[in-house]
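**Student:** Spelled out from the first residue to the last, the chains are:
There are 2 protein chains.
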Amino acid sequence: MPALDELETPAILVDIDVVEGNVARMAEACRRDGVRLRPHAKTHKSLAIGRLQMAAGAAGLTVAKVGEAEVFAAGGVEDLFVAYPVVGADKGRRLLALAEGIRLAVGADSVEGAATLAGVFRAAGRTLDVLLEIDVGLGRTGVAPAQALDAARAIGSLPGLRLRGIFTHAGHVYVTADGGARTAIGRSEGEVMAAVAEGLRAGGVEVEEVSVGSTPTVPRSRAVAGITEVRPGCYVFHDATQVNLGSCTLDECALTVLATVVSVPARGRAVIDAGSKTLSKDPLAPAGGGFGRIVGRASRLETLTEEHGVIRVAEGEAFRVGERVRVLPNHCCAVVNLHDELVGVRAGRVEERLRVDARGRVQ
Amino acid sequence: MPALDELETPAILVDIDVVEGNVARMAEACRRDGVRLRPHAKTHKSLAIGRLQMAAGAAGLTVAKVGEAEVFAAGGVEDLFVAYPVVGADKGRRLLALAEGIRLAVGADSVEGAATLAGVFRAAGRTLDVLLEIDVGLGRTGVAPAQALDAARAIGSLPGLRLRGIFTHAGHVYVTADGGARTAIGRSEGEVMAAVAEGLRAGGVEVEEVSVGSTPTVPRSRAVAGITEVRPGCYVFHDATQVNLGSCTLDECALTVLATVVSVPARGRAVIDAGSKTLSKDPLAPAGGGFGRIVGRASRLETLTEEHGVIRVAEGEAFRVGERVRVLPNHCCAVVNLHDELVGVRAGRVEERLRVDARGRVQ
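Residue numbers (the numbering used here), protein chains in the order written: chain A, 187 to 549; chain B, 187 to 549.
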């Protein structure tokens, strides 16, 4: 393995000690609160890190795409939830093949969508577990709580499907939260979901799983009675947005981008060899500008083009051509998704190459 | 090959007839204006499309990274320009290996940066061609026109380097242009660069190449006396931003994203299976909101999360779960960079799979 300062740039560094600490702390907190932990693997898309999460006691993994599920199933993960309203007989056939080997569930939020999968499973004499998606305020997919009973009955009665429970993602925390407020959404996702589950049971619908999660909301949601499972993703690496939201400290951030200053063309401006094709254009949430923090500096990445990151140099700081910097990105999931490989570092030494096994599996 | 309606979604469709038309028209216009065409391959990162451009008469290709140069050189392209201020002896050694087999040049905008490459080439008894980068207003990399003579003399005098000429990228056209104005930057990049070249020659510096370009500025710049080479990238596919800028018509857009409506959870909202990991978060430039146009509809993609594209449904339109739509993305280069494969379509039929050969070659 090369020394850290021999790595070519840009390189995506992952501090393995920090990852192990993040994984262990989340697993321990979930055990303490008596909820299952099903980390969202979209953050790392890496078999090695998924196995680390499983070894720490995760009940299974969450993915967003059938293609991601195929990668993790082939890699030995035996319990997967595709937290997405999967639609289409083509996807249904792939799910049918997957369900041969593992415990599998997928999301659903409409009879029309769920029916496309039900048909495939019914024709094969098999049953697919589904979780009804509830919209607790994000305004993306999912049925409103008031429509949950009708939707659960309709989807749960489709031959070929079994309603395992309900799930949600309170992603609006990334818009509404103010810095430092860990779970600053009005009524927490956990409280809303526990109430929805009770309403379904009162209506005669069996609800085995009540699954919630996002890194900022999990600390509060996992302690709510009735929540059975949480699905944080970013916690494994964290990023500038999680720091901004108060989900973590800077010391708990595992992923940085090693970059080289390639140009200092004018006073107050320096340019690194990491642009939007390395860092993504994801903004700092819930507020604040720039495209990443320069570790140990006050200077910020002000603009990105595809291969250039333009630093607005803070008063009293300076950069020189050839110097290396580390960038804490706004959104770790978006960065990982741009790369085939991460560099595992421990105590400042390069330890391993980590493949982003499920990158590009968009279907 | 599957039929178009049998493709799994999301899929990145490329209309080959439109690509061939775009490639032929640009090549013909450059021949007419007497400038060399060196398309920027960062848009497609595909050997097949690069070869198409070469066959149409391109003098060579432009790339942004040494890794991209390695892919195109291995694929048979014998004249490459890395339009980037490459820095570092590690990159220098790879350039040295590359220069064994092809005609090669790289960008430079500082003596400190260029010296890191010069040292490698000098030690090997070889010479690397460099083009000095001039900043014509973007405010990214490059020296100001007033500093060009000093910088050219300093860089050109480094043993191991030969100054082939100057280059620029007037990327501020994406910020300053109003819709319909093809080249709405004050003094055109061509005019500024021709003047810089004359100034260098008056100062005793030989300038063989004066290279400019971007899809919106090329129509004006290629006709300016003294410009020897243009480097448009997006023109091969075009996108919603190029339509917005007046660089092309909708009929000249070759790349669309085929997606499935997976949820219609509320009145006025529909969700497709293409989010920022498929479409990128690149904004519509120079102005206008949303993350892509739904082909044939007035409805727009209003927000993206990683795997969800949320459509604000226009008055009088409707979407149903399972329906397929095509999205014209804001920025074709950013979309291609997220995928391993494009689907080549001709006259509505799937014709070939196009590998994005240089994707992920960030170093």
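Do not rely on the hints blindly, as some may be mistaken.
Claimed, not checked - These stretches of chain B come out as covered by chain A in the derived footprint (C-beta under 8 Å, 3 or more residues):
#1 192 to 199
#2 284 to 290
#3 304 to 316
#4 383 to 389
#5 399 to 407
#6 450 to 459
#7 495 to 508
Claimed, not checked - Not close to chain B: a few residues of chain A, all C-beta gaps over 12 Å, as computed:
#8 215
#9 219
#10 234
#11 240
#12 274
#13 294
#14 301
#15 381
#16 461
#17 510
#18 527
#19 533
#20 545
Simulated from the structure, these hints should not be mistaken for laboratory data. Even for Gly, the Cβ is constructed at its ideal location relative to N, Cα and C.
**Student:** Indicate, hint by hint, whether the structure satisfies it.
**Tutor:** Here is what the structure says about each hint:
{"no.": "1", "hint": "192 to 199", "verdict": "holds (count 5)"}
{"no.": "2", "hint": "284 to 290", "verdict": "violated (count 0)"}
{"no.": "3", "hint": "304 to 316", "verdict": "violated (count 0)"}
{"no.": "4", "hint": "383 to 389", "verdict": "violated (count 0)"}
{"no.": "5", "hint": "399 to 407", "verdict": "violated (count 0)"}
{"no.": "6", "hint": "450 to 459", "verdict": "holds (count 6)"}
{"no.": "7", "hint": "495 to 508", "verdict": "holds (count 4)"}
{"no.": "8", "hint": "215", "verdict": "holds (25 Å)"}
{"no.": "9", "hint": "219", "verdict": "holds (27 Å)"}
{"no.": "10", "hint": "234", "verdict": "holds (18 Å)"}
{"no.": "11", "hint": "240", "verdict": "holds (22 Å)"}
{"no.": "12", "hint": "274", "verdict": "violated (6 Å)"}
{"no.": "13", "hint": "294", "verdict": "violated (9 Å)"}
{"no.": "14", "hint": "301", "verdict": "violated (9 Å)"}
{"no.": "15", "hint": "381", "verdict": "holds (19 Å)"}
{"no.": "16", "hint": "461", "verdict": "violated (9 Å)"}
{"no.": "17", "hint": "510", "verdict": "violated (10 Å)"}
{"no.": "18", "hint": "527", "verdict": "violated (8 Å)"}
{"no.": "19", "hint": "533", "verdict": "holds (23 Å)"}
{"no.": "20", "hint": "545", "verdict": "violated (8 Å)"}
Hints 2, 3, 4, 5, 12, 13, 14, 16, 17, 18 and 20, counting from the list given before, are not met by this structure.
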